[in-house]
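There are 2 protein chains.
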Amino acid sequence: MIEVLHARQFPLTELVLLASERSAGKSMATAYGEKQVEAFSVERAQSCDFVLMAVSGSFSTEFSPQITGNGKTVVIDNSSAFRYHEDVPLVVPEINESAMDGKLLIANPNCTTAIAAMALWPLHQHFKLKKIIVSTYQAASGAGAQGMTELEEGTRQALEGKVFPNEVFAHPLPFNVIPHIDSFQSNGYTKEEMKVVWETQKIFGDKSLACSCTAVRIPTKRAHSEAITIETEKEVSPEAAMEVLSTAPGVQVVDNPAEKSYPMPLTATKKYDVEVGRIRRSLVFQPCGLDLFVSGDQLLRGAALNAVLIAEAKLLKMPR
Amino acid sequence: MIEVLHARQFPLTELVLLASERSAGKSMATAYGEKQVEAFSVERAQSCDFVLMAVSGSFSTEFSPQITGNGKTVVIDNSSAFRYHEDVPLVVPEINESAMDGKLLIANPNCTTAIAAMALWPLHQHFKLKKIIVSTYQAASGAGAQGMTELEEGTRQALEGKVFPNEVFAHPLPFNVIPHIDSFQSNGYTKEEMKVVWETQKIFGDKSLACSCTAVRIPTKRAHSEAITIETEKEVSPEAAMEVLSTAPGVQVVDNPAEKSYPMPLTATKKYDVEVGRIRRSLVFQPCGLDLFVSGDQLLRGAALNAVLIAEAKLLKMPR
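So the sequence lines, in the order shown, correspond to chains V and P. Residues in the first sequence are numbered from 1 upward in steps of one, following the UniProt record's numbering. Residues in the second sequence are numbered from 1 upward in steps of one, following the UniProt record's numbering.
Okay, chain V solo, but in the shape it has when bound (with noise of 0.2 Å):
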C-alpha cells in the first residue's frame, strides 16, 4: 500500500505507521524513506485523514468503528470484518464510489471478486448480467508471504524428491492443486467463494444476480486468474462485448489468440489492470452469453490498489 500511494503520487503530507507495541519502534524501509514504527492507539489513529487497516477481522472489529467515532478520520479496511454489514459499503471505486458518499468506513473487497468485477461490471452495464459462474485459478501469495515461502521451498524440495512440510495450505501446493481456500460453510461452499457471490452483489447492488465459484489454490506466485461464464439478459457478442472492456477503467483487453496473446498471471503481475480476454460466444447460453478469461494482480487490484484508489475517491470529496 505505501508503495502505492508512493507510484501514484497520493498528496499527503504524511506517512504514520502504526502497529502492535511489539513492533513499535523499529524502523522501516519505505517508498518515502526510513519510518519509524509507533504504537497504535485509537488516539493517534484518529489524528490522521485516512487509516489503511491491514489487520485481522477481530482487530478491525473493535477498533475501525472507535477510530471513525471522531466523524472525520476515514478508515479503509481490508480486512471482511465489515463487508457484509448494510452500513458499510464495498467498494471498487471504478463501480460504486458513490456508495461511500457521507461514509467514514468503507470496506475494501475480496482479492478474486475485485479482479472479476473489473471484468465484469461493464458488462453488467451494457447487457444485464443473470448469471455468473466462476472458477478461480488463485496464487499462493493469495495467502501471505508465508505462502509464498510455503511454495517456493516446497517446490525447490519437491523437485529433489523431497517434501517440505506443509503449514501455510491445508496439503502440499507444490504441482498441486487444491480446491479449498478459507472454511468450509454448510452449504458446502468454501467462505472464499461465498465472498465472490455475496460480494458481487453487493458491489453491483443487485441480489438477484445468480452466482456461483469455485476457488482454486495453484501453484503460482502472484497474480490470480479466473474462468467466467455469463449469462445476459440482452444479447451479446465477443465483438460488442470488447467493445466496452477496450474502454472501461481498470481493464486492459488481451486477446489476440493468433498472437499467443490472453490473460496469464505472467503478464498480470505488477499491473495495474485486470487483463481480460478468451471472449467468445457462450456454448451454453446462446445468444445471450460469454466466456471470458481473467487475470489480475491480487495484491494490487484485490487490495492495495483498491484500497488507495478509495483514499484517492474520498479525498476529492472533502472539504477543502
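What the hints contain is simulated information worked out from the structure, not anything from laboratory work. There could be a bad hint or two in this list.
One copy or any two copies: either way a pair holds, since identical chains are not told apart in the list.
DSS-like, lysine-lysine: derived pairs with alpha carbons at most 27 Å apart [claimed, not checked]: (1) K35 with K128; (2) K162 with K221; (3) K271 with K260; (4) K162 with K260; (5) K260 with K72; (6) K26 with K128.
Use these hints to put chain P onto chain V, whose structure you have.
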C-alpha cells in the same frame, strides 16, 4: 499402456513393439522383460489381435483402416484422427461399450473428456444433464514427456531467477497459467476445448447436450483437474448425486471437506479411478444443478487405462 496391460494381467500371448525404421532393432525394457522393437508394416500389425496406436493423427489416418482391412485385427487409436467419424465408435467402456459391437477400429477419447465423462455419465443417467460448464486445470505431462521436462527444468531455473526457454508450451509454464491448449478455432475456442464438447456429446449419444469448456494449462506434473457446473433436467441434491457416484465404476467419491478431503492431482496421480468431490448445490441452477470438482490421471483414464479397458471389453466378446 504396456505397464497397464501387465498390471491388469491382460491375457496376452505375445507383446509386439512396432515403430519406425529408425527405432527398429532397439531394445526396450518393458514390464514383460526386454523386448526388441520391430519396424512397422501393415502386415506385421495385422498378425496381431490388437493394435494399440500411440501415433500421430496423420499416421493413424493412413494406416489404421489398412490394418483393420483384414477383417479381424482390432485397432484402438489414441489419436484424434477418427474420433469424429460417424462410423468409428468413440468409447469409454463403462459408458458406451456396446457402441463398438462389430467394429474393429475404435477411437480412444481425449483425456480431459474421459475424466469428466466418468463423473458426468452416472449423473446423466439419473438426472439427465442439460448444460455442462467445465474449467480445466491440466498438467504439463498432457503435452508429453517433453512438456514434463520443460516444466521441471523451467521451474528449477525460475527458482534461481533464470529463464528457461519455452518450446513445448506457448509461454513459460513455471508459476504461470496458460489458457491455451492445442490450436485456436474460428469460434474462439481451442481445439482442446471443442474436443470436450464434441466428444462428450458423442460418447453420451446426445447431440443436444449443451457443453462449454475453458482448457487451461497449469504448472502441475500429472493428473488433470476440472471444475464442473451442471444443469440437470430432474431435481438433484448433493446427497443423491453422491449416492449415484459412490457405486459408479471408475469413480471414487473423495468428498469430506471436514477432513480436508477432496480431489487433487496429488492423490489422483497413478490411480485408475477418477476422484470426484466438492459436490454441492449449484447457486445458479436451482434446484436442478450441481457444482463439482474432479481429478483424474490423464495418462491412465485419459489414455492408457481406457485403451486397455477397450481391449479387455473387445476380448470378452471375441469368438473363442
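A quick look at each hint next to the structure:
For a Cα distance limit of 27 Å, the shortest separation of K35 from K128 qualifies neither inside one copy, at 48 Å, nor across copies, at 64 Å. For the homomeric pair K162 and K221, the shortest alpha-carbon distances inside one copy (20 Å) and between copies (15 Å) are both at most 27 Å. Taking the closest pair of Cα atoms, K271 and K260 come within 27 Å of each other only inside a single copy of the chain (19 Å); across copies the shortest separation is 34 Å, beyond that limit. In the homo-oligomer, the alpha carbons of K162 and K260 lie at most 27 Å apart only across protomers (22 Å), although the nearest pairing inside one protomer, at 35 Å, exceeds that limit.
In this assembly of identical chains, K260 and K72 lie within 27 Å of each other by CA distance neither inside one copy nor across copies; the values are 50 Å within and 45 Å between. In this homomeric assembly, K26 and K128 never come within 27 Å of each other (Cα to Cα): the closest approach is 51 Å inside a single copy and 63 Å across copies.
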